[in-house]
Amino acid sequence: MLAGRLAPWCAGLAAVLAALGLWLGFFVAPADAVQGEVYRVIFIHVPAAWMSMFIYLLMAFWSAVGLVMNTRMSFLLARALAPTGAMFCFVALWTGALWGRPTWGAYWAWDARLTLQLLLLFLYFGFIALTRAIAEPNRADRAGALIALVGAVNVPVIYFSVQWWSTLHQGASVSFSRAPSMAATMLAGMLTMALAAWAYSVAVVLWRVRPMILVRERHADWVVRLLAEERV
Amino acid sequence: MLECCDLACVRGDRLLFQRLSLRLGPGESLRVAGPNGAGKTSLLRLVAGLARAEAGEVRWQGASIRQQAEDFRGALLYLGHAAAVSAQLTALENLRFACAVAGLAVDQDACVAALARVGLGGALDLPLAALSQGQRRRAGLARLFLAASRTLWVLDEPFTALDAEAVRLLAAQLAKHCAAGGMVMFATHQDVDVDLGHACRVLDLGDFVGERGRAC
Amino acid sequence: MLRVFLAVLRRELLLVWRERVDVLVTLAFFVIVTGLFPFGVGAGAGQLRAIAPGVLWVAALLSVLLSLHRLFERDFAEGTLEQLLLSPEPAVLWVLAKMVAFWLAAGLPVVVAAPVLALAFDLDPAGLPVLAAALALGTPSLALVGALGAALTLGLRGGGMLLALIVLPLFVPVLIFGAGAVEAEISGVGARAHLLLLGGILAAALALAPPACVAALRMVND
Numbered sequence: 001m002l003a004g005r006l007a008p009w010c011a012g013l014a015a016v017l018a019a020l021g022l023w024l025g026f027f028v029a030p031a032d033a034v035q036g037e038v039y040r041v042i043f044i045h046v047p048a049a050w051m052s053m054f055i056y057l058l059m060a061f062w063s064a065v066g067l068v069m070n071t072r073m074s075f076l077l078a079r080a081l082a083p084t085g086a087m088f089c090f091v092a093l094w095t096g097a098l099w100g101r102p103t104w105g106a107y108w109a110w111d112a113r114l115t116l117q118l119l120l121l122f123l124y125f126g127f128i129a130l131t132r133a134i135a136e137p138n139r140a141d142r143a144g145a146l147i148a149l150v151g152a153v154n155v156p157v158i159y160f161s162v163q164w165w166s167t168l169h170q171g172a173s174v175s176f177s178r179a180p181s182m183a184a185t186m187l188a189g190m191l192t193m194a195l196a197a198w199a200y201s202v203a204v205v206l207w208r209v210r211p212m213i214l215v216r217e218r219h220a221d222w223v224v225r226l227l228a229e230e231r232v
Numbered sequence: 233m234l235e236c237c238d239l240a241c242v243r244g245d246r247l248l249f250q251r252l253s254l255r256l257g258p259g260e261s262l263r264v265a266g267p268n269g270a271g272k273t274s275l276l277r278l279v280a281g282l283a284r285a286e287a288g289e290v291r292w293q294g295a296s297i298r299q300q301a302e303d304f305r306g307a308l309l310y311l312g313h314a315a316a317v318s319a320q321l322t323a324l325e326n327l328r329f330a331c332a333v334a335g336l337a338v339d340q341d342a343c344v345a346a347l348a349r350v351g352l353g354g355a356l357d358l359p360l361a362a363l364s365q366g367q368r369r370r371a372g373l374a375r376l377f378l379a380a381s382r383t384l385w386v387l388d389e390p391f392t393a394l395d396a397e398a399v400r401l402l403a404a405q406l407a408k409h410c411a412a413g414g415m416v417m418f419a420t421h422q423d424v425d426v427d428l429g430h431a432c433r434v435l436d437l438g439d440f441v442g443e444r445g446r447a448c
Numbered sequence: 449m450l451r452v453f454l455a456v457l458r459r460e461l462l463l464v465w466r467e468r469v470d471v472l473v474t475l476a477f478f479v480i481v482t483g484l485f486p487f488g489v490g491a492g493a494g495q496l497r498a499i500a501p502g503v504l505w506v507a508a509l510l511s512v513l514l515s516l517h518r519l520f521e522r523d524f525a526e527g528t529l530e531q532l533l534l535s536p537e538p539a540v541l542w543v544l545a546k547m548v549a550f551w552l553a554a555g556l557p558v559v560v561a562a563p564v565l566a567l568a569f570d571l572d573p574a575g576l577p578v579l580a581a582a583l584a585l586g587t588p589s590l591a592l593v594g595a596l597g598a599a600l601t602l603g604l605r606g607g608g609m610l611l612a613l614i615v616l617p618l619f620v621p622v623l624i625f626g627a628g629a630v631e632a633e634i635s636g637v638g639a640r641a642h643l644l645l646l647g648g649i650l651a652a653a654l655a656l657a658p659p660a661c662v663a664a665l666r667m668v669n670d
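Protein chains in written order, with the numbering used here: chain A, 1 to 232; chain B, 233 to 448; chain C, 449 to 670.
A portion of the hints provided could be inaccurate.
[Unchecked claim] A partial selection of chain B residues facing chain C, derived with a Cβ cut-off under 7 Å:
(1) 282
(2) 283
(3) 305
(4) 306
(5) 310
(6) 314
(7) 332
(8) 333
(9) 335
(10) 364
[Claimed, not checked] Not the full set, but computed from the structure, chain A residues with beta-carbon under 8 Å of chain C:
(11) 72
(12) 73
(13) 125
(14) 126
(15) 130
(16) 139
(17) 143
(18) 152
(19) 154
[Stated by the list, open to error] Covered by chain B, according to a simulated footprint, are these stretches of chain C (three or more residues, beta-carbon under 8 Å):
(20) 459-467
(21) 521-528
(22) 532-538
Calculated from the structure, these hints are not laboratory results. A quick note: this is a predicted structure, and the numbers were derived from the prediction, not measured. For every residue, glycine included, the Cβ atom is placed at its ideal position computed from N, Cα and C.
Work out the full structure: start from the sequences and follow the hints.
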């Protein structure tokens, strides 16, 4: 029940941080010397990309914990994390496309990093689709955990192969090395946004996991008591 | 000795049974009864270790079957409601494969003899696709005539699709197994008149539904 | 211990033999998919030569994918899978036997047919042995990883699509190194590195996929 009390605080924190980050990003930080105003997409793009990868790791971690320790909570956490991760992954790709158009002249480039992000999105989709398709909750938990782990084992292999592939195929790869001397406000804005993404994820995951716990433990005594109290 | 302690089983949104405890000693048999959907198959699958119980545990010779899975499987013979035979293979091929998988050391002659016992002696070389439903069922049951070394038999609806003579034959085999100190646990939804030669206990799953209202 | 491996392998191959038309269907699918590309992109010799390795690999991957659902489905329906899961022998052995039989039925014909089809794409003859070697090393990995996907989606509604969604991202590395091997050989770089990497992937898949597959099959009944 700690989750219930924690979630609104995290949501509030997320809103405040996001507002601060956006303000820093869009109004305080100076325009980039090369890219002009367009670069400001970075304040959403980079935190989303970070978050999407981190959430996958977290998901795999909870899956491993669940399979080894046989704890139901960790499966539920992994399943609650997946949609948020997929959302960030999608946001990163979408903002990346919006950013790519004016800077590279194309919405999409078959660059290693982009391709990897796309494959990560597919891994998320696979996880979500599999857990949704299985009606029996025990099997859904475990099968999802297994595919999350398999994905996590494969991510380095995929990363390596895609890197290899893109160096082979692209003469002049569209690499964008981030400016080494990044303005302090830019960095501050980005970090604030990253924190906002964190707080948002925690809030959403907690919110999502609460009803899942209630549904799953509906035969347990404490849930029955809780429901009885609600009714009174 | 097989023991089930406080088993509970949930399928989908429904609590099938809970607080189910039973024990089965050498020479005993147990018939699991109950209407369709009462959880007979689920119970047998829990006992065989194919499914995970919502609560409680199954013990074999005093220890949980999860902790000694290989020993337990070495003592178990399970027949599901599907006959576990392939329609493209002959009865003999099916039986030899089943014995190899179960780790039963039997030779070709023993398999042929077992098939003759269940009345398939004349159809050894036909793919099962060419045989009737009842004959396929017999081909699946033939392994019971080679599995005396397995102490615990768990059979799901063994009498379906069998004619009167085959039912008698099967009942005699079950009785023989119990007389030799084995244990038999089987499920039937209809009241089959089976003479096992001794008092067969009956477990009615309807008795364990208890507080079903809480399940929804 | 070996007995159960051999028994399962023997039964699977017997079943493949009794239904050998399925192998031909897989092969025909492979040929047709490859044959579609010239219609789509034009039959200029230079163009076909450039896309040949990729086309052959994608077609091989799809034919393996489309046969995958057969791997456990029938055993699941007829109750044999329960018997296998209850075998006192180590489950990794019979899972491996099923995977080997599957590859012999669905992978090997593709490996044999690919060099012949490559000739129709006017691929440099120097690339043919490498193409066959890369497929021989790569398709077993596809079968191993694919079997895991088949086990995870066993018995589910719309399992085929789901299987593709789960398995295809995992096929990407094999596709990259497999098609890359042929291109590297033709361009003169040499395919050694690619083939070694494919071998490495196969070794890893051989070690990890069977136990994971067993775990997934046990979940089916949970």
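Structure-based check of all given hints:
For residue 282(B), the interface hint holds, since its Cβ comes within 7 Å of a Cβ in chain C; the closest pair sits about 5 Å apart. Taken as an interface hint, residue 283(B) checks out: its beta carbon lies about 5 Å from the nearest beta carbon of chain C, inside 7 Å. The restraint placing residue 305(B) at the interface with chain C holds, with a minimum CB-CB distance near 4 Å, inside the 7 Å limit. Checking residue 306(B) against chain C: minimum C-beta separation of about 4 Å stays under 7 Å; hint holds.
Evaluation of the residue 310(B) hint against chain C yields a held restraint, the C-beta minimum of about 5 Å falling below 7 Å. Interface restraint check for residue 314(B): the shortest CB-CB distance to chain C comes to about 3 Å, inside 7 Å, so the restraint holds. Interface restraint check for residue 332(B): the shortest CB-CB distance to chain C comes to about 3 Å, inside 7 Å, so the restraint holds. Interface hint status for residue 333(B): upheld, as the beta-carbon distance to the closest one in chain C is roughly 5 Å, under 7 Å.
The beta carbon of residue 335(B) is positioned within 7 Å of a beta carbon in chain C (closest approach about 5 Å), and the interface hint is therefore held. Annotation: residue 364(B) was flagged as interfacial toward chain C, and the flag is violated, the nearest CB pair being 16 Å apart, outside 7 Å. Because the closest C-beta pair between residue 72(A) and chain C is about 12 Å apart, greater than 8 Å, the hint is violated. With a least beta-carbon distance of about 17 Å to chain C, the hint placing residue 73(A) at the interface is violated under the 8 Å criterion.
With a cut of 8 Å, the hint placing residue 125(A) at the interface with chain C holds, because the nearest CB-to-CB distance is about 6 Å. Taken as an interface hint, residue 126(A) checks out: its beta carbon lies about 4 Å from the nearest beta carbon of chain C, inside 8 Å. Interface restraint check for residue 130(A): the shortest CB-CB distance to chain C comes to about 6 Å, inside 8 Å, so the restraint holds. Checking residue 139(A) against chain C: minimum C-beta separation of about 5 Å stays under 8 Å; hint holds.
Taken as an interface hint, residue 143(A) checks out: its beta carbon lies about 5 Å from the nearest beta carbon of chain C, inside 8 Å. Taken as an interface hint, residue 152(A) does not check out: its beta carbon lies about 12 Å from the nearest beta carbon of chain C, beyond 8 Å. For residue 154(A), the interface hint holds, the least distance from its beta-carbon to any beta-carbon of chain C being 5 Å, beneath 8 Å. By the rule of at least three residues with a Cβ nearer than 8 Å to a Cβ of chain B, the coverage given for the segment 459-467 of chain C holds, with 5 such residues.
Check on the segment 521-528 of chain C: 5 of its residues sit with their Cβ under 8 Å from a Cβ of chain B, so the three-residue criterion for coverage holds. Coverage of the segment 532-538 of chain C by chain B holds in this model, with 6 residues showing a Cβ closer than 8 Å to a Cβ of that chain against a need of three.
Of the numbered hints stated above, those contradicted by the structure are hints 10, 11, 12, 18, listed in ascending order.
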